[in-house]
Structures are given as structure tokens and as C-alpha cells.
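**Student:** One line per chain: the protein sequences are A and B, in this order.
Using the UniProt record's numbering, the letters of the first sequence map in sequence onto residues 1 to 163.
Using the UniProt record's numbering, the letters of the second sequence map in sequence onto residues 1 to 247.
Source of the hints: derived by calculation from the structure; they are not laboratory data.
None of the values given here were measured: they were computed from a predicted structure.
Beta carbons are placed, not taken as given, at the ideal position from N, Cα and C, and that holds for glycine.
Wrong hints could be hidden among the right ones.
Said to hold, decoys possible - Only pairs whose alpha carbons sit at most 16 Å apart, straight line, appear in this in silico EDC-like list of lysine to aspartate or glutamate:
#, chain 1, residue 1, chain 2, residue 2
1, B, Lys201, B, Glu240
2, B, Lys176, B, Asp229
3, B, Lys232, A, Glu61
4, B, Lys201, B, Asp149
5, B, Lys217, A, Glu61
6, B, Lys214, B, Glu191
Claimed, not checked - Partner residues aside, some chain A positions facing chain B, computed with beta carbon under 8 Å:
#, residue
7, Arg13
8, His15
9, Leu20
10, Arg23
11, Leu26
12, Trp46
13, Leu59
14, Ala72
15, Phe78
Here is what each chain is made of, one letter per residue.
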Amino acid sequence: MRLSVAAAISHGRVHRRLGLNPRSRLDLLRNLVTALVRHERIEAPWARADEMRGYAERLIEYAKLGDTDERAMRMANFWLTEKDLIHKLFKVLAPRFQPHPGSYTRLLQIPNRDNLDRAKMAVIELKGNPFPPLITPRRDTDKTLLNQLLKGYRQDMQQAAAP
Amino acid sequence: CRTSSDGEPAKFQPPPKPVIIDRQKQREERRFLSPEFIPPRGRTDPLKFYIERKDMIQRRKVFNIPEFYVGHILAVTTADPYANEKANRFVGICIQRGGKGLGATFILRNVIEDQGVEICYELYNPRIQAIEVLKLEKRLDDNLMYLRDALPEYSTFDVNMKPVFRLDHEEVPVNKLQVRMKPKPWSKRWERPKYNIKGIKFELPEKKMKEAQKWNKPWLEFDMMREYDTSKIEEKIWKEVSEELKK
């Protein structure tokens, strides 16, 4: 009977522990969200970028509710420390993401940082940004067995239809 | 014919037009989905909640569970093999509604012969034979656990109370009662902002109230990931439940 429990079991807790305390964790994520809204593509440690992704997407969903909404304005006021970005959020980003129902960000891993800590880094960007596209890994869907068989079947059908 | 005090014949007053209250429309506008139908946030398979909901609806078809909130005064009759009439009736104020799915519970509190009694009943327990709502009133909080540390007069309710008759199915009235407490120590420090209690009349000195605000976490209301938006889930479940219950 194993009496010692592994220390890494979180039992359903979803928030990571960053910074010194919960207040500092929110401040860290707030700075990252402000930077993302300003520059639309940032590099950060992977854990922080992953935490920040959820908050950024919910902020955009709040912004979609509109400028006049009291709660949306208070949220934007708290989360964006640079106040000129509130205007950008409501006037530029909200209309850009209005047709999309879901994910507004893209998170991709980068080679580790060059410092002594060799931290796992990631780049997080808002979709539809003006920069050249990132190199996303693409799986070649033409070479899978099912797709090859379907291709062969389609060719056979065409040959049988037009001899 | 009638003459008014002036001595002239009174002008013909037509009878007032009858006000037609469309009961059907009002009842449809007001929907109440019991909180135990809403599944909690987590990684469990929705199939589990679907099966539970089917069982809950099955039970509701046989036995009527009325709409009630925290703060209502209910009378519950359970089947008890050791009681005189094989049935046991308890009257009390609902202080908490907990649990989700078939294990949903509610706690009724009453003070009987100077002894505070709290009984936790399960909504879908087959031993329960009747639930009657005696008095409808919502309170300012969702959780009335502080009644344990309040003066006993706020928890005493007459066991043979008659149900208060309410005609309109419009709004549940909110009772803005501010409860007075016994002297400290309490079972929990109710003045702290984490409990967010609005229904107590705090008679503590200002210094204590200011000290309690030290535990205030103002950033918690802006933490977006902690919010659980249930509106869409509620819509779906409401449609499902109301369709099943109409059959």
C-alpha cells in the first residue's frame, strides 16, 4: 500500500502559482495582457503565456459586449494598465474578433531562452495581426493511409465514369 | 336615482373596465431552474449529468418539489418507521442549499424548546413524502449559516404555522431583515469580507470592522477565470427539463 502521495497531484486546481502571492500573480498576468494588447505578439515563459491566454480571451469576450457596458469598462480598466489601450481594445480588437466565436490567440513554443535558466519560452499572438505569419507545424494530411485510400477510390470512380 | 351632495343629478360613471391578467404569459416569462440541475465546472463526462438529470426528472414527475430559495420556511414530512403515525413533520427555515444532481440537499433550521435544531434533507430522497412551502421570502444572502450565532428569536418558527397564501406568481419578495447577533465569539468570523454577508446588523466597534477589512481581496472580482457563466447551459437544461416535465 503506497502511503506517500506524489507532491505534484493538484486534484482539479486549474490556476498555476506564479509570483509571490495571488495578487502578484494577477499583476504579472496583467502586465503580460497589456503588452499583448499593445504589441499583438509577445515572447514570454510558456507557463505565464499559457495562464495569460485564458485571461486575454475572456477580456476580448468582455470587450465584445460593448463600450457602454459598465462591467466591461471596469474589467478593461483593471486589466489594461496603459489607458490608451482601452480605446484600442474596444475600437480595434472587438470589431476584428466579432465574427469569431472562440479562440482569438495562438500559442507556439520557441527554443529555450539563452540565459542561464534555459526557460521554456513561447510566443503568443492575437490572430489577424499585421506581422508576417509564424512558422506553425503543419501535419501533411495527404500522406495518411485513409486519405490515400480515398484518393485512390476517387480516381477509380472518375476513370469508371469517363472511360 | 342618485343625487350628489350638490343637489344635481350625478353624472353617469361607466363601470371600470376589467383588467385582464394573462396568467399563461406571466408563468412562461418566469422560469425557475432548480440550482442542482446546473452541472459544476470540471472535467467529468456530461453523460453522467445527463443520466442524473433523467433520474431527477423521473422523481419530479412522481413527487412535486416546489420552487424555493434560501430563506423560505418549509415543512417536510418524511417516512419514519419509529414515529407514531409512521411520518415525521419538521418545519424550519432553509439556510443552505448544497450539492448538485441527485445528492442535492437543503438544511432546515428551527429552535424547538430553546434548542436549535438543524436537519439536512436530500431533495430526491424517496423517504420524503411532502414538501410544503409555508412562507415565501428571499433573504439578502445565499447562505444563512450566521443564524446559528444570531439571537434565537430569528430562528424560531411555529411548528403549526399555516401556509401564507400568495396569489400572484410574479416575484418572490426579498426580506431586507438585518439580524442582530449574540456577543462574540461566533462560529465563523462573519464580519470578514470573504463571507460577504449583507443581512447582519453589526454592532461591533469601528476598529474591529476596519481590522476585518484587512482580509479584503479587491482583485478577486476581476479574476476572470473564476467566473462560471451558466446562462447558455441553463437555457439548454431548462428546455430539456421543461419538455420532459410536460409529457
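**Student:** If a hint holds in the structure, say so; if it doesn't, say that too.
**Tutor:** Results for each hint:
no., hint, result
1, Lys201/B to Glu240/B, "violated, 42 Å"
2, Lys176/B to Asp229/B, "violated, 27 Å"
3, Lys232/B to Glu61/A, "holds, 15 Å"
4, Lys201/B to Asp149/B, "holds, 12 Å"
5, Lys217/B to Glu61/A, "violated, 24 Å"
6, Lys214/B to Glu191/B, "holds, 11 Å"
7, Arg13, "violated, 11 Å"
8, His15, "holds, 7 Å"
9, Leu20, "violated, 14 Å"
10, Arg23, "holds, 6 Å"
11, Leu26, "holds, 5 Å"
12, Trp46, "violated, 18 Å"
13, Leu59, "holds, 7 Å"
14, Ala72, "violated, 11 Å"
15, Phe78, "holds, 4 Å"
When held up to the earlier numbered hints, the structure conflicts with 1, 2, 5, 7, 9, 12, 14 and fits the remainder.
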